[in-house]
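We have chain Z; now place chain W onto it with these hints.
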Amino acid sequence: MTWDLKSDRPIYLQLVEHLQLAIVSGRLPAGSRVPPVRELASQAAVNPNTMQKALQELEQSGLIQTQRTSGRIVTEDTDRIQATRDLLAKNQLDAFFEQMQRLGCTRHEILALVEKELSIV
Amino acid sequence: MEPILECRKLFKDYTSCRALAGVDLSLYPGRIIGLLGPNGSGKSTLIKLAAGLLTPTSGELFVAGKTPGAATKSLVSYLPERTYLPDWMTAQQVIDFFADFYADFDAQAAADMLHRLNILPGTKLKTMSKGTKEKVQLILVMSRRAQLYLLDEPIGGVDPAARDYILQTILTNYNPEAAVVISTHLIGDVEKILDQVVFLQNGQVMLCATVDDIRAEHGCSVDTFFREVFKC
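Just so you know, the sequences run in chain order Z and W. Count along the first sequence from 1, add 96, and you get the number used in the numbering used here. Count along the second sequence from 1, add 2, and you get the number used in the numbering used here.
In isolation and in its complexed conformation, chain Z is listed as follows (with noise of 0.2 angstroms):
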């Protein structure tokens, strides 16, 4: 995993955001354990109590269990796990069709659009 964070927004979001794709996108598979808070700590160079902050927050929201002898795993459900990638995927919807509807594009248009490219894909 590479941790690429920018510089105007907080950083635990940013780490937040980028274990939830590590999540939906399989690479820390549903029951999986989590590397430990230095671990990540280090890989990201952040400081650990941000690294700490961003992993309550997933808990709270579900996608992280704690488990009291074997530091943190992933969570086995898996219908939670799609509705987070379900969720991020309508995010990154509605920007696109912002996008575009800011270029001018008509509904009509955008479809057209999308159908061509995902022909030449």
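Honestly, the hints are just simulated from the structure, not real lab data. Cβ coordinates follow ideal geometry from the N, Cα and C atoms, glycine included. One should not assume that every hint holds.
Claimed, not checked - So, partial list: chain Z residues that the calculated Cβ filter (under 7 angstroms) puts toward chain W: (1) Ser103; (2) Asp104; (3) Arg105; (4) Pro106; (5) Ile107; (6) Tyr108; (7) Ser138; (8) Ala141; (9) Val142; (10) Asn143; (11) Pro144; (12) Asn145.
Okay, now just chain W, sitting in the frame of chain Z:
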């Protein structure tokens, strides 16, 4: 939790100027704190007071509840802004020197770091470049198992690649019982590893906040925020 460093109405006057004008500040263990401010804002003075090198004109300062003195020297690992090591010594000799001097010094950790930064233990300080000398000093200071690290401009003369390694070193040596105070102008390089920043201006604490609070509130990095606040 007891603060590791506490200042109450701290004043420090030099012959011709006032360096600190009523600093109230409590810093807690387990944190990495950035001490930021324009030139002459009192950063080094505050660090020297905490290290016990200066005495306050008035007000109080406590390190782990004690007035700075012989007893706090074993708790505090201080990196001065200038080198004070005799330059005829080799890197290995200064490591041995520190090992004799401080009970909490980890000579093995120091040797490992020298190796990682490709500094040969037999090199004399005299023949080292400015940046290499700074690296050696920082290695010495970070190899102690202290409760309060006071780093005055630790990465100024160090190249960006070594800077990353040094910041990693500070992170991996991070100890929940200890606090690290870093005074620096290279805010962009250090802000990711900081919990908290303290802005000093004209000898007073202007702001004390977490990095993420500043970013959330002002929508910019601490580095950008600093440039706005202290715009000349």
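Taking the hints in turn, this is what the structure says about them:
| no. | hint | result |
| --- | --- | --- |
| 1 | Ser103 | holds (4 angstroms) |
| 2 | Asp104 | holds (5 angstroms) |
| 3 | Arg105 | holds (6 angstroms) |
| 4 | Pro106 | holds (4 angstroms) |
| 5 | Ile107 | holds (6 angstroms) |
| 6 | Tyr108 | holds (6 angstroms) |
| 7 | Ser138 | holds (6 angstroms) |
| 8 | Ala141 | holds (6 angstroms) |
| 9 | Val142 | holds (5 angstroms) |
| 10 | Asn143 | holds (5 angstroms) |
| 11 | Pro144 | holds (6 angstroms) |
| 12 | Asn145 | holds (5 angstroms) |
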